[in-house]
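Colleague: Turn these sequences into a full structure, and let the hints guide you.
As a plain string of letters, each chain reads:
There are 2 protein chains.
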Amino acid sequence: MAQGVADSLLAEGLVRIASEIDGAFDALLPVPEDARARLVEAMRYAAIGGGKRLRPLLLTSVAELYGVDRGAAVRAAVAIEAIHVYSLIHDDLPCMDDDALRHGKPTVHIAFDEATAVLAGDSLHVFAFEVLADPATCADPFTRIELVQALGHASGAQGMAGGQMMDLVAETSEFDLQTVTRLQQLKTGALLGAAVEMGAILGRVSPEGRTHLRGYARDIGLAFQIADDLIDYEGDAATAGKAVGKDAGAGKETFVSLLGPERAREQARLLVDQAISYLAHYGKEADLLRAVARYIIERDH
Amino acid sequence: MAQGVADSLLAEGLVRIASEIDGAFDALLPVPEDARARLVEAMRYAAIGGGKRLRPLLLTSVAELYGVDRGAAVRAAVAIEAIHVYSLIHDDLPCMDDDALRHGKPTVHIAFDEATAVLAGDSLHVFAFEVLADPATCADPFTRIELVQALGHASGAQGMAGGQMMDLVAETSEFDLQTVTRLQQLKTGALLGAAVEMGAILGRVSPEGRTHLRGYARDIGLAFQIADDLIDYEGDAATAGKAVGKDAGAGKETFVSLLGPERAREQARLLVDQAISYLAHYGKEADLLRAVARYIIERDH
Numbered sequence: 001m002a003q004g005v006a007d008s009l010l011a012e013g014l015v016r017i018a019s020e021i022d023g024a025f026d027a028l029l030p031v032p033e034d035a036r037a038r039l040v041e042a043m044r045y046a047a048i049g050g051g052k053r054l055r056p057l058l059l060t061s062v063a064e065l066y067g068v069d070r071g072a073a074v075r076a077a078v079a080i081e082a083i084h085v086y087s088l089i090h091d092d093l094p095c096m097d098d099d100a101l102r103h104g105k106p107t108v109h110i111a112f113d114e115a116t117a118v119l120a121g122d123s124l125h126v127f128a129f130e131v132l133a134d135p136a137t138c139a140d141p142f143t144r145i146e147l148v149q150a151l152g153h154a155s156g157a158q159g160m161a162g163g164q165m166m167d168l169v170a171e172t173s174e175f176d177l178q179t180v181t182r183l184q185q186l187k188t189g190a191l192l193g194a195a196v197e198m199g200a201i202l203g204r205v206s207p208e209g210r211t212h213l214r215g216y217a218r219d220i221g222l223a224f225q226i227a228d229d230l231i232d233y234e235g236d237a238a239t240a241g242k243a244v245g246k247d248a249g250a251g252k253e254t255f256v257s258l259l260g261p262e263r264a265r266e267q268a269r270l271l272v273d274q275a276i277s278y279l280a281h282y283g284k285e286a287d288l289l290r291a292v293a294r295y296i297i298e299r300d301h
Numbered sequence: 001m002a003q004g005v006a007d008s009l010l011a012e013g014l015v016r017i018a019s020e021i022d023g024a025f026d027a028l029l030p031v032p033e034d035a036r037a038r039l040v041e042a043m044r045y046a047a048i049g050g051g052k053r054l055r056p057l058l059l060t061s062v063a064e065l066y067g068v069d070r071g072a073a074v075r076a077a078v079a080i081e082a083i084h085v086y087s088l089i090h091d092d093l094p095c096m097d098d099d100a101l102r103h104g105k106p107t108v109h110i111a112f113d114e115a116t117a118v119l120a121g122d123s124l125h126v127f128a129f130e131v132l133a134d135p136a137t138c139a140d141p142f143t144r145i146e147l148v149q150a151l152g153h154a155s156g157a158q159g160m161a162g163g164q165m166m167d168l169v170a171e172t173s174e175f176d177l178q179t180v181t182r183l184q185q186l187k188t189g190a191l192l193g194a195a196v197e198m199g200a201i202l203g204r205v206s207p208e209g210r211t212h213l214r215g216y217a218r219d220i221g222l223a224f225q226i227a228d229d230l231i232d233y234e235g236d237a238a239t240a241g242k243a244v245g246k247d248a249g250a251g252k253e254t255f256v257s258l259l260g261p262e263r264a265r266e267q268a269r270l271l272v273d274q275a276i277s278y279l280a281h282y283g284k285e286a287d288l289l290r291a292v293a294r295y296i297i298e299r300d301h
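Top line first, the protein sequences correspond to chains A and B.
Counting from 1, one number per residue, gives the positions in the first sequence under UniProt numbering.
Counting from 1, one number per residue, gives the positions in the second sequence under UniProt numbering.
Simulated from the structure, these hints should not be mistaken for lab results.
Take these hints with a grain of salt, some might be off.
Derived CB-CB ranges, DEER-like [stated by the list, open to error]:
| # | chain 1 | residue 1 | chain 2 | residue 2 | range |
| --- | --- | --- | --- | --- | --- |
| 1 | B | Y66 | A | H103 | 47 to 55 Å |
| 2 | A | K246 | B | L270 | 26 to 34 Å |
| 3 | B | R70 | A | A280 | 47 to 55 Å |
| 4 | B | G23 | A | G251 | 40 to 48 Å |
| 5 | B | E285 | A | G49 | 51 to 59 Å |
| 6 | B | P30 | A | H281 | 52 to 60 Å |
| 7 | A | S8 | B | G71 | 52 to 60 Å |
Chain B residues, not near chain A, derived (Cβ > 10 Å throughout) [unchecked claim]:
| # | residue |
| --- | --- |
| 8 | Y45 |
| 9 | L65 |
| 10 | H90 |
| 11 | K105 |
| 12 | K252 |
| 13 | P261 |
| 14 | K284 |
Where is the CB? At the ideal position from N, CA and C, for every residue including glycine.
Modeller: Written out as C-alpha cells, the structure reads:
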C-alpha cells in the first residue's frame, strides 16, 4: 500500500468516525428541561467535539472486517468512548492529575465545577453500559452481554482503573521496566484491547479466531503509550492540547526515562511492525487497521 | 401478622442479608499482589461491614417470592449494593457533601486519600456491571442484560446521578414540594425501585405483573427519603453514623422544611400503608416485604 493511499485512508477514517461519534453522543444525550440540565451539558461538553476517537476507530475498523452493521458498531464505539471520556474527566480532577486543559479547552471541573465533573464522569460511565445493553445496539442479547463483559473487564480494577491506581503509586515508587509495562498495559492497553475485542464480538468471531487481533491490540497498546511518553517528554502543550512534561516533573518512571528517547522510539516502531504482522492473513480490507497502527506513533498529540 | 413475628422476621432478614453481602464482596474482591492492592483495599473498606443492606434485602425478598435461586439473587444484590456504595464514596468527597463519617467510620477519602476514593468509587461502579454480566449470576443472557439495563437506567443521569445533580442545585435554588419529590424519586427512589425490579426480572415476572411491585417500590422510596429527612432534622450523629443537620445548614428545602416534621411523619406513614396495600394479593410469603416497608420509617439511622 502506497504511503499516500494509507494517509488518505486514515484521514478519511478519522474524519468519518469523529462525525459519527459526535452525532451519536448528540442524539443520545438530549438536555433535560430541569435541574439535571447542567449535568447533561457537562457530559456533552466533555464527550462531543474532542479527542482522536482512536478507540471508536479501532472498534469500527475491526467490525468492518466482518461486515458488522455500521450503526451497531458506532453504538458500541460510543460506549467505549464514553468510558474513555469519563476516565479523562476524573483523571483531570484536582485530587488526581489536576489538569486545566484537555483537547485544547478547559477541563470539565474548570468549565463547570468539581462536583459536576465527578457526576458527569459517573454518568458517562453508566451511560456506556446503558448503550451496550440497549436492544438498539444489537438484537441478540448474548452479543450485548458479551460487549458489557468485555468493556467492564477492561475498565475496572483489573484493567484501566487498576492502571490508574498503579500510576498514582508510581509517583512515590521506583518502578522497573516490567512494572511500567504492566501499568501501561492496564491503564491504556486494556481499553484499546477492548476496542478490538468488541469489534470482534460484534463480528461473532470465535474466541480462537481473535488471537491475531489480540496480538495486534496488545502491541499497538504498548506502542501508543510509548508514543504518549515521547509526546510528554518532547512535545509542546499547544500541539498536544494538554499539559506536557508532567511525568518527569512528578518523578515518574516512564518508557522514556527507563529506555531513553532513542530506544523508546525504536521500541515503538518495532511494536507497530509486529502489530501489523498479526494482520498478515487479512487483505486490503485491513489496510485501515494497518494505517491506524502507524498513526499511533506518528501523531503529535 | 403479630408485631413480634414481623420484628423477628425483619431482624433475621437483616442479619442474613448482611452476612451474605459481606461474604460475596469478600469473595469477589480479592486483593491483588501489586500496586493495585490499595485500590481494592479501599473498595473493600467501603463495601464490607457497613450499611443496612436495604437494597439487597428488597431485591432478595422479591426474588424469593418467585422462587429464584438464592445465589443468583445475592449476586444481583451485590451489584446494586456496589452502585449504592460507589455513590456514597463519591457523595462524601470534599467537592460534594464533604463528609468525614459514614457508617460510623472515616469516609474513604479520609481513611485513604481523595484520588483513591475517586478510583475506588469508579471501580465499584463498573464492578456492579461485571457481576451482573457474568454467567455465574444467571445462565440466561437475556435475564442478565435486563438486569444491566434496569441497574443502568436507575443509576445514570436519568436516575440516581441526575438526582444527585438536582441535589447540588437545590443548595442555591428554592425548590417546591413537587421538585423536591422529583429530586428524591431520582436520587433515592430510582435505586430502591431497581432493587425490586431486579428481583422481579430474576423471577421472570412479566412487565405487566410488575405493576404492583412498582407501586410498592415507589411508595417505600418516598417514605424512605422522608424518614431520612426526619433523621437529618432530629437525629444525632452517633446514632445515624453520619453527620446530621446538614440540610438546614445548607439551606436546602426538604420534605421536613416544606411540610413540617409532623405532616412529614404522617405522610411517610401513609406511604408505607399504601406500599403494603400493593402486596394485598400475596400471602405470608410477602411478610418480609411488609416488614421492610415498616422498617423504612421506624429506623433511626
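Colleague: Run every hint past the structure and note whether it holds.
Modeller: Consistency of the hints with the structure:
1. Y66(B) with H103(A): 47 to 55 Å: Holds, at about 49 Å.
2. K246(A) with L270(B): 26 to 34 Å: 57 Å, violated
3. R70(B) with A280(A): 47 to 55 Å: Given about 51 Å between the Cβ atoms, the range holds.
4. G23(B) with G251(A): 40 to 48 Å: 41 Å, holds
5. E285(B) with G49(A): 51 to 59 Å: 54 Å, holds
6. P30(B) with H281(A): 52 to 60 Å: Because 39 Å falls outside the window, the suggested range is violated.
7. S8(A) with G71(B): 52 to 60 Å: Holds: the Cβ-Cβ distance is about 55 Å, inside 52 to 60 Å.
8. Y45: About 14 Å separates Y45(B) from the closest Cβ of chain A, which puts it past 10 Å; holds.
9. L65: 24 Å, holds
10. H90: 5 Å, violated
11. K105: For K105(B), whose nearest Cβ neighbour in chain A is about 21 Å away, the distance exceeds 10 Å, so it holds.
12. K252: Fine: 13 Å to the nearest Cβ keeps K252(B) off the interface.
13. P261: 25 Å, holds
14. K284: 35 Å, holds
In this structure, the hints that do not hold are numbers 2, 6, 10, in rising order.
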